[in-house]
Amino acid sequence: MKGRLVTGQFHGGQKSDRTADHTGDHAADHTGDQSRAVREREGREPGAPRHLVLRRGGFSARVAVGPLLVRGLLGLLVLSLAALALTLGRAQVTLPELLSVLSGREQGTLRTVVLEWRLPRVVAAVLFGAALGVSGAVFQSLTRNPLGSPDVIGFNSGAFTGVVAAVLLGATSYVALSAWALLGGVATAGLVYALAFRRGLSGFRFLIVGIAVGTFLSSLNSWFFVKAEQQQALRTAVWGAGTLSRADWTTLALAGGVALAVAAALPLAGRWLRQLELGDTTAAALGVPVERAKAVLVLLGVVTTALVTASAGPISFVALAAPHIARRVTRRGGSVDLPSAALVGALLLLASDVAAQHAIPGVVLPVGAVTVCFGGLYLVWLLVVESRRS
Amino acid sequence: MSACEGEDHRERGPEDGDARDAREPLAGRTRTRLLTLLLAAALLAVSVALSIMVGSTQVPLSSVLSAFGGHDGSPEHIAVRDLRVPRTALGVLVGAALAVSGALMQGLTRNPLADPGLLGVNAGAGFAVALSVAFLGVTRVDQYLYFAFAGAVAAAAAVYLIASQGRGSPTPLRLTLVGLALGSVLVGLSQTLALLDTETFERVRFWDVGTLADRPVGTVGAVAPWVCAGLVVALACARPLNALALGDELARAVGVRVGLTRLGVVVAVTLLCGSATAAAGPLAFVGLMAGHAARWLTGPDYRWIVPLCLLAGPALVLLADVLGRVMVGSGELQVGVVVALVGAPMLIVMVHLRRASAL
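Chains as they are written, first to last, in the UniProt record's numbering: chain X, 1 to 390; chain S, 1 to 359.
One or more of the hints may lead you astray.
[Said to hold, decoys possible] Below, simulated SDA-like cross-link-like pairs (lysine to any residue); rule was C-alpha separation at most 25 Å, straight line:
| hint | chain 1 | residue 1 | chain 2 | residue 2 |
| --- | --- | --- | --- | --- |
| 1 | X | K227 | X | A171 |
| 2 | X | K227 | S | V326 |
| 3 | X | K227 | S | L250 |
| 4 | X | K227 | S | M327 |
| 5 | X | K227 | S | E332 |
| 6 | X | K227 | S | T57 |
| 7 | X | K227 | S | G28 |
| 8 | X | K227 | S | C228 |
| 9 | X | K227 | X | L169 |
| 10 | X | K227 | S | L195 |
Keep in mind that the hints were calculated from the coordinates and are not lab data.
All figures in this text were calculated on a predicted structure; none of them were measured in a lab.
Throw the hints in and build the complete structure from the sequences for me.
Listed below in structure tokens is the structure:
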């Protein structure tokens, strides 16, 4: 640990220590050079979380070591699972072959298989899973409800209604359907936000309005399914199944750009969410611009969901389960941790996609159904372990 | 659950209803509640009458009354006695069961998103039907009923047992999460089963939209005892459920047996929602909506919420069913679709008009 993070040192992370340390460190930083670690007091109370303090010039960040380790481990798991996914398939690819393809030494069929066919799908699973994990964590924390998910803002129902409208208007291309889905989803999210807003956004009213609007729209959708011609119903149903198989580099580049922007906003979003979890009044006292922060967070949740829905169709359950699994894996208690939720989401969707393609030879299962089984069983197991321990 | 207890304080602003209720004399409040119950009863009576009269053949009230007096073999009498009355009776049972179990679930989990299916009841019923079709070759609708009910009970029992691992009675949060996770797994398995076998897919599809139409003869008789048993347990749980809202510690301090109450609520919800789902398919929105509406109308006392749900739930289901018969030109729209189309806007209006009281 010390070897890799040269700028940091272990630090007994008590809040009271920090104030004392700060005054001393600032003096040291001003006299010293740009990137210098100052050795902190080693004395650490038993049970207190270990922290790492990174300093550079006038800036410093205090990082808890435990969650960092868990995140690193989750990241490694995602990477190794991605490697496994690249080797599996009708054309078996060995690990050395994979490495030579990735380093650009290998040309020919193998390169096409790995880089053009398999890699986009793997990248899509990781990217979309992470986006859904973030979106679920944001909505669960914002509504303070363990059942919170992008569905509470009616996004997916609205997107589906958009697709239904597009099909009724005669649209056929996938791009047109995606555009309409995006439009429907964003319009629904805006409607829910507007209907729920009354002198500020309260979690409870947000939930009720969201679920009502969402159910209303899904009823409209079922009405369409009951009454529509078979061809039209089929076209909508294909979109509604949600799939990673349509991933290509153009879509992924776009989605990746949005994801990068979202990732840049995560530290601030995470801090706001943790402060808002203390209650609006306390958060305001801590300097959070409450209503603006909530609006930005809702926007963040909508953008991450929209990213996935527009490029892969609705994928359910990842957003709901990933934050819960992340919370239990990192043992962070009630507090929200966006990066872990993103990593767990990526892991969940990637593992499910691999299982969906390769678990039963010759049969490709829908990734949605597999995600639900995988994630659900794992969550049940975590809950059992947790309650045994307590 | 901590997530809900931290509800926004802005909800209880000075102009909101809680303060007004506190000033209102107790007798006046009881009178308002009784009036609400009476109105709900009147609404139920009207919807029962409409449900018997309105449909593809309009039957005037006089023919309805004469049909009850004796069967003369006319098409109108056949429609009333053999189709409309059983359908209406089923609507009453299903509506009452779902509404009451929805209110109980919201009280148990303290989660405004809780619907009666949260304990995995709907998912279990659907999975059992899928299994019975795929592996036992069951094809008759009246046989589904028993498989669905068994599946619902088994799923709810599994959720309760898994959630009560470890010491103490299961916390609401753990019940919610286990129910959610296990329910999702069962839905995923049903989907996979349906996808692997087209025959199963075709037969299981009817579970996705709840309907009161074309139920086999004897459904009402098969479901009624379970619903009644569930309602008795639910009414018995209403008082201790009030105390549970204070938190486990305080509830114990006022003499409520917390674990027993939770078990009672789970049993009631399983019986009610399980039998309703077995008979009519998943109609979870009825429970979600009725629970909230009843709490906004009567206040947080479950001794009033449960009876109000008992009357308003059937009215909602029957009115939606009647509307579904006349809304579209030919054929009818399933009650599961109409309930949400009508109920969701009502819920949104209510959340704005009434004080939006958290659980």
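Going down the list of hints, with the structure as the test:
The hinted pair formed by K227/X and A171/X meets the criterion: a straight-line CA distance of about 18 Å does not exceed 25 Å. Under the criterion of a C-alpha separation no larger than 25 Å, the hint pairing K227/X with V326/S is consistent with the structure, at around 15 Å. Restraint check for K227/X and L250/S: not satisfied, since their Cα atoms lie roughly 53 Å apart, outside the 25 Å limit. In summary, the hint linking K227/X to M327/S is supported, as the alpha carbons are separated by about 13 Å, within the 25 Å threshold.
For the proposed pair K227/X and E332/S, the alpha carbon gap of about 10 Å is at most 25 Å, so the pair holds. Between K227/X and T57/S the alpha-carbon distance is near 22 Å, which keeps this suggested pair within the 25 Å criterion. For the proposed pair K227/X and G28/S, the alpha carbon gap of about 50 Å is over 25 Å, so the pair is violated. Taking the CA atoms of K227/X and C228/S, the gap is about 36 Å. The hint is violated against a cut of 25 Å.
A threshold of 25 Å between alpha carbons decides the hint, and for K227/X with L169/X the separation of about 15 Å falls inside it, so the pair holds. Only pairs whose Cα atoms come within 25 Å are accepted, and K227/X paired with L195/S is accepted, the gap being roughly 23 Å.
Of the hints listed earlier, those the structure fails to meet are numbers 3, 7 and 8, in rising order.
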